[in-house]
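Each residue of the sequence shown is one higher than the one before, starting from 3 at the first, in our numbering.
Where hints are given, some of them may not hold.
Below are the EDC-like pairs computed for lysine to aspartate or glutamate, each with C-alpha atoms no more than 16 Å apart in a straight line [said to hold, decoys possible]:
| hint | residue 1 | residue 2 |
| --- | --- | --- |
| 1 | Lys203 | Asp319 |
| 2 | Lys182 | Asp101 |
| 3 | Lys206 | Glu238 |
| 4 | Lys235 | Glu141 |
| 5 | Lys204 | Asp188 |
| 6 | Lys130 | Asp115 |
| 7 | Lys149 | Asp300 |
| 8 | Lys318 | Asp282 |
| 9 | Lys38 | Glu55 |
| 10 | Lys130 | Asp119 |
| 11 | Lys512 | Asp445 |
| 12 | Lys77 | Glu39 |
| 13 | Lys328 | Glu346 |
| 14 | Lys415 | Asp393 |
| 15 | Lys77 | Asp50 |
| 16 | Lys415 | Glu369 |
| 17 | Lys182 | Glu213 |
| 18 | Lys407 | Asp445 |
| 19 | Lys77 | Asp67 |
| 20 | Lys512 | Glu449 |
| 21 | Lys328 | Glu217 |
| 22 | Lys407 | Glu349 |
| 23 | Lys328 | Asp284 |
| 24 | Lys512 | Glu78 |
| 25 | Lys206 | Asp188 |
| 26 | Lys182 | Asp81 |
| 27 | Lys203 | Glu187 |
| 28 | Lys206 | Glu187 |
| 29 | Lys38 | Glu494 |
| 30 | Lys204 | Glu217 |
| 31 | Lys235 | Glu108 |
| 32 | Lys199 | Glu217 |
| 33 | Lys77 | Glu55 |
| 34 | Lys220 | Asp300 |
| 35 | Lys203 | Glu193 |
| 36 | Lys77 | Glu490 |
| 37 | Lys130 | Glu108 |
| 38 | Lys38 | Glu79 |
Read the hints as simulated data drawn from the structure, not as lab findings.
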Amino acid sequence: MKKSFVLLLTLILFISGTACYAQNEILKEKDQVHFKETVLYGDKAVVDGVTVEMKNEYSSNLFWDSTYVIGATPKEETDYRFYAWDYNENRYNSSGSMDFIIDCIETVGMRDDYSDDEAYYGLNVAMKELYDQTEPGTENSITVYLKDYVDYYTFGLNLHLPEDWENNTTDYYRYSYLWKWEVLEDISYLEETGGNKEELKKMKAYLADLEAFHEFFKIPVLDTEVYTLAMAKDAEGNVIGTADSHVHGGSGSGEIEIPDAPNVAGADSFSFRMFSAFDDGDCYFTFDPHTSNEAVVDVSLIPGGYGIYHFPYNEKDGTINLDELKMIYPLDVNTQWESMQLDESGENLLLFTWDMEKHYLTIIDRESMTLVDTFELGASEEYISHWSYEDYLVVCGENLMVFPKDENGHYYKAFSVNMESINTKIEQIATNDDMFRWDICFDWNGETLLIAGDIQYYDEGIGRVQFACDFYVAAINATGLLYYGEYESTLEEPCRPNGDYEISVSVRWK
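Assemble the whole structure, with the sequences as input and the hints as a guide.
Quick look at the structure:
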């Protein structure tokens with residue numbers, strides 16, 4: 003015992019001494035993290051005094067937070083940190099998400115048999131029928147209509163409330179992938195065994211929430227939702243494979259091939275495609291009412307009809323209040339959805355939609371839930387990206403657009419520049435593969451938009467995207483691209499941008 007303790011103490015002292023030596027040696031080099039500037043387009047005077055901050059790391063042990071001020075004589079500063087063990091800063095905060103996952107079409111993977119007397123639901127009733135029709139040592143299939151087994155679409159709930167990682171404000175996984183049959187099984191088990199009463203109370207609350215959603219969103223099953231189900235048994239009659247197919251494709255498990263999609267004219271399907279926004283105890287959400295064939299499902303049974311729906315939630319304990327679930331803003335069922343979000347100020351709901359010709363931005367005042375304005379965003383065939391800041395909004399599609407707020411807090415279009423003209427110039431000069439990724443940063447001074455991000459490029463040799471500790475800066479105004487430059491760090495691979503931060507590069511005017 004005594005000898006083991008001495009050996010352990012010696013080992014601790016050795017590790018600590020090595021770590022301190024490594025830290026001291028690297029600290030000597032911390033001021034030698036530099037960035038080499040390469041001006042690839044325009045006049046650098048446009049960005050004189052612009053400050054860029056970049057966070058890089060190596061192996062969750064070494065961290066470099068660098069500040070670079072652009073100018074004739076650039077200013078550089080680096081804050082270096084070393085941790086002897088892996089250190090994660092976890093700077094991502096979840097903004098919340100919500101999904102209804104249709105469960106009446108689930109066949110729950112492959113089952114060994116369907117010979118027991120348990121209650122089946124949805125397509126599992128059809129699988130039970132197929133089981134009874136399939137002889138040992140054979141493979142069989144049937145084509146069925148979902149409407150023959152259920153009247154309305156039912157769904158599991160995947161609800162992640164907003165999460166503040168530092169303050170741990172909610173139980174993040176409280177409503178994660180809740181399926182009714184699983185909740186019922188948990189309740190039955192806890193009641194039979196006299197299990198944890200708090201857990202039983204929680205399961206019953208989950209069940210009540212699921213049933214409240216099912217009752218509110220009663221959407222009749224399509225007459226044309228059709229599936230082909232297949233099953234294979236071995237010589238002893240055990241199930242060795244199950245599969246299904248529909249208009250979206252198919253799936254299977256075990257020793258069986260996925261059957262062809264049903265050869266039925268007009269075959270169609272529906273799945274909830276949800277859009278949601280959370281803030282300060284309010285959840286706003288809607289869904290796309292279109293089927294695979296672009297028909298519209300029957301929404302007439304939803305209280306208040308089709309639109310944006312709302313319920314409050316408790317930020318402290320992570321519970322939701324469906325007694326106050328209601329439709330608060332009517333929408334046209336023909337709306338084609340891109341996304342929905344609250345702007346950075348939390349004052350407006352931003353709806354990004356499209357039709358066969360154009361993309362649109364619709365702004366709804368959150369307090370009054372009334373329409374404020376609608377803007378056209380360009381041709382519908384172009385993909386739309388957008389970034390919200392406290393007092394302006396950036397949208398990228400056919401055009402790059404900036405929407406600042408006026409003195410009344412209303413958005414207006416400051417400029418719109420054709421993206422093709424920008425991309426043509428950038429593609430000819432840049433190392434960076436994509437200047438307009440989701441994780442980039444902007445700053446707006448009323449006339450010119452700054453853009454910055456870490457440099458990523460596709461390496462043909464290894465066949466994947468590579469990340470560098472380098473960054474780029476661009477400046478664009480109403481006339482187009484004014485400046486583009488790249489800044490190469492003396493930090494080399496395997497150092498990389500700090501993944502603990504959602505955005506590793508930030509930029510601001512002086």
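Now the hints, each set against the structure:
Restraint check for Lys203 and Asp319: satisfied, since their Cα atoms lie roughly 14 Å apart, inside the 16 Å limit. For the hint pairing Lys182 with Asp101, the CA-to-CA distance comes to about 15 Å; that is within 16 Å, so the pair holds. Proposed proximity of Lys206 and Glu238 is contradicted: the alpha carbons are some 41 Å apart, above 16 Å. Distance hint between Lys235 and Glu141 is fulfilled; the C-alpha atoms sit about 6 Å from each other, no more than 16 Å.
For the suggested pair Lys204 and Asp188, the alpha carbons sit about 10 Å apart, so the restraint of at most 16 Å is met. For the hint pairing Lys130 with Asp115, the CA-to-CA distance comes to about 9 Å; that is within 16 Å, so the pair holds. Restraint check for Lys149 and Asp300: satisfied, since their Cα atoms lie roughly 14 Å apart, inside the 16 Å limit. Proposed proximity of Lys318 and Asp282 is supported: the alpha carbons are some 11 Å apart, at most 16 Å.
Taking the CA atoms of Lys38 and Glu55, the gap is near 15 Å; set against the 16 Å cutoff, the hint holds. The straight-line distance between the Cα atoms of Lys130 and Asp119 is roughly 10 Å, inside the 16 Å bound, and the hint therefore holds. For the suggested pair Lys512 and Asp445, the alpha carbons sit about 11 Å apart, so the restraint of at most 16 Å is met. Distance hint between Lys77 and Glu39 is fulfilled; the C-alpha atoms sit about 12 Å from each other, no more than 16 Å.
For the given pair, Lys328 sits about 24 Å from Glu346 by alpha-carbon distance, which is inconsistent with the 16 Å threshold. Distance restraint check for Lys415 and Asp393: the Cα-Cα separation of roughly 13 Å lies within the 16 Å cut-off, and the hinted pair is therefore satisfied. At roughly 11 Å between alpha-carbon atoms, Lys77 and Asp50 fall within 16 Å of each other, so this suggested pair holds. Using a Cα cut-off of 16 Å, the hinted pair Lys415 and Glu369 is violated, with the two alpha carbons roughly 23 Å apart.
Among the hinted pairs, Lys182 with Glu213 is consistent with the structure: their alpha-carbon atoms are about 8 Å apart, no more than 16 Å. Our distance criterion of 16 Å between C-alpha atoms is met by Lys407 and Asp445, whose separation comes to about 14 Å. A distance of roughly 14 Å separates the Cα atoms of Lys77 and Asp67; the hinted pair therefore holds under the 16 Å criterion. With a CA separation close to 14 Å, the supplied pair Lys512 and Glu449 stays within the 16 Å bound.
Note on Lys328 and Glu217: the hinted pairing holds, with a Cα-Cα distance of about 12 Å set against a maximum of 16 Å. Between Lys407 and Glu349, the direct Cα distance comes to roughly 12 Å. Compliance with the 16 Å bound is thereby established for this hinted pair. Using a Cα cut-off of 16 Å, the hinted pair Lys328 and Asp284 holds, with the two alpha carbons roughly 12 Å apart. Restraint check for Lys512 and Glu78: the C-alpha separation of about 15 Å stays at or below 16 Å, so the hint holds.
For the hint linking Lys206 to Asp188, the alpha-carbon distance of about 9 Å falls within 16 Å, and the restraint holds. Annotation: proposed proximity of Lys182 to Asp81 is violated, straight-line Cα distance about 51 Å (limit 16 Å). For the hint linking Lys203 to Glu187, the alpha-carbon distance of about 14 Å falls within 16 Å, and the restraint holds. A distance of roughly 11 Å separates the Cα atoms of Lys206 and Glu187; the hinted pair therefore holds under the 16 Å criterion.
For the proposed pair Lys38 and Glu494, the alpha carbon gap of about 13 Å is at most 16 Å, so the pair holds. Among the hinted pairs, Lys204 with Glu217 is inconsistent with the structure: their alpha-carbon atoms are about 20 Å apart, more than 16 Å. About 20 Å separates the Cα atoms of Lys235 and Glu108, which puts this hinted pair outside 16 Å; it is violated. Distance hint between Lys199 and Glu217 is unfulfilled; the C-alpha atoms sit about 27 Å from each other, more than 16 Å.
Only pairs whose Cα atoms come within 16 Å are accepted, and Lys77 paired with Glu55 is accepted, the gap being roughly 12 Å. With a CA separation close to 9 Å, the supplied pair Lys220 and Asp300 stays within the 16 Å bound. Under the criterion of a C-alpha separation no larger than 16 Å, the hint pairing Lys203 with Glu193 is consistent with the structure, at around 11 Å. For the suggested pair Lys77 and Glu490, the alpha carbons sit about 15 Å apart, so the restraint of at most 16 Å is met.
A threshold of 16 Å between alpha carbons decides the hint, and for Lys130 with Glu108 the separation of about 13 Å falls inside it, so the pair holds. For a cut-off of 16 Å, the pair hint linking Lys38 to Glu79 stands: about 14 Å separates their Cα positions.
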